[in-house]
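A.B. asks: Chains as they are written, first to last, in the working numbering: chain V, 242 to 369; chain C, 242 to 369.
Calculated from the structure, these hints are not laboratory results.
Incorrect hints may appear among the rest.
Covered stretches of chain V (in silico footprint by chain C; criterion: 3 or more residues with CB under 8 Å from a CB of chain C, positions within the stretch not fixed) [stated by the list, open to error]:
1. 259-267
2. 282-295
3. 339-345
If we take Cβ atoms under 8 Å as the criterion, some of the chain V residues that face chain C in the derived model are [unchecked claim]:
4. ILE250
5. LEU306
6. ASP361
7. LYS362
None of the values given here were measured: they were computed from a predicted structure.
We put the beta carbon where it would ideally sit given N, CA and C, even for glycine.
Number of protein chains: 2
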Amino acid sequence: MSELDLHTIYRDYIDCLNRRDWASLGQFVGDDVSHNGRPIGLSGYREMLEKDVRDIPDLRFQIDLLVVEPPFVASRLRFDCSPRSTFLGLDVGGRRVVFAENVFYTFRGGKIANVWSVIDKGAIEAQL
Amino acid sequence: MSELDLHTIYRDYIDCLNRRDWASLGQFVGDDVSHNGRPIGLSGYREMLEKDVRDIPDLRFQIDLLVVEPPFVASRLRFDCSPRSTFLGLDVGGRRVVFAENVFYTFRGGKIANVWSVIDKGAIEAQL
Chain V
242 MSELDLHTIY RDYIDCLNRR DWASLGQFVG DDVSHNGRPI GLSGYREMLE
292 KDVRDIPDLR FQIDLLVVEP PFVASRLRFD CSPRSTFLGL DVGGRRVVFA
342 ENVFYTFRGG KIANVWSVID KGAIEAQL
Chain C
242 MSELDLHTIY RDYIDCLNRR DWASLGQFVG DDVSHNGRPI GLSGYREMLE
292 KDVRDIPDLR FQIDLLVVEP PFVASRLRFD CSPRSTFLGL DVGGRRVVFA
342 ENVFYTFRGG KIANVWSVID KGAIEAQL
């Protein structure tokens, strides 16, 4: 798996999320994927994303920084969106918030196998 | 700047922090460093670290994941420590907490020029 491959695969994965193309998610995410140490599998991963989009209809993933060293990808994602009600336990209530997610992925066989994500909750609190 | 160099430099930087060797910090951190968009400079960076160590005497930086693609370094750091009073606005009060920081660095001339850090505040809240 070359670095070029993982750059391209990751950008295609983000495009997939922004298209809400859940049927294609399995091209990028492994069947046995774990998220923050929880083995949720592809179906759980899809459910998590579908819930995110229900809670945040204008959710859009924007890559601010992308660092690739196979089999790892690290990405700083930027969000500028309006969660409808609560988000991360915060009562956002439709207000627009801008925040980052710093996230690490391990790839296996060209697909995401592990995700370690931290969302900047403090930045959201500061905007409420 | 090769990848090997940045791996080594970064590990040496973390060793410097764990030794509290503030006099050597300028070997790793640029004079004009920015932290989360704030241009704090080397002196501000050192003050930030000195305050962290006052607030958390048993603070120790442990690298869980290290992803290098020059000029970028991405690191997932693990902390297992006991902040003395408040931390990130949370009343930790000496309790032991375990949490991660997902952090991106841009290097320039072999030194840290920009830092984009997110600490897992939600994980700490869940332990209080």
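A.B. asks: Run through the hints listed earlier and report the numbers of any the structure violates, in increasing order.
C.D. replies: Violated: hints 1, 2, 4.
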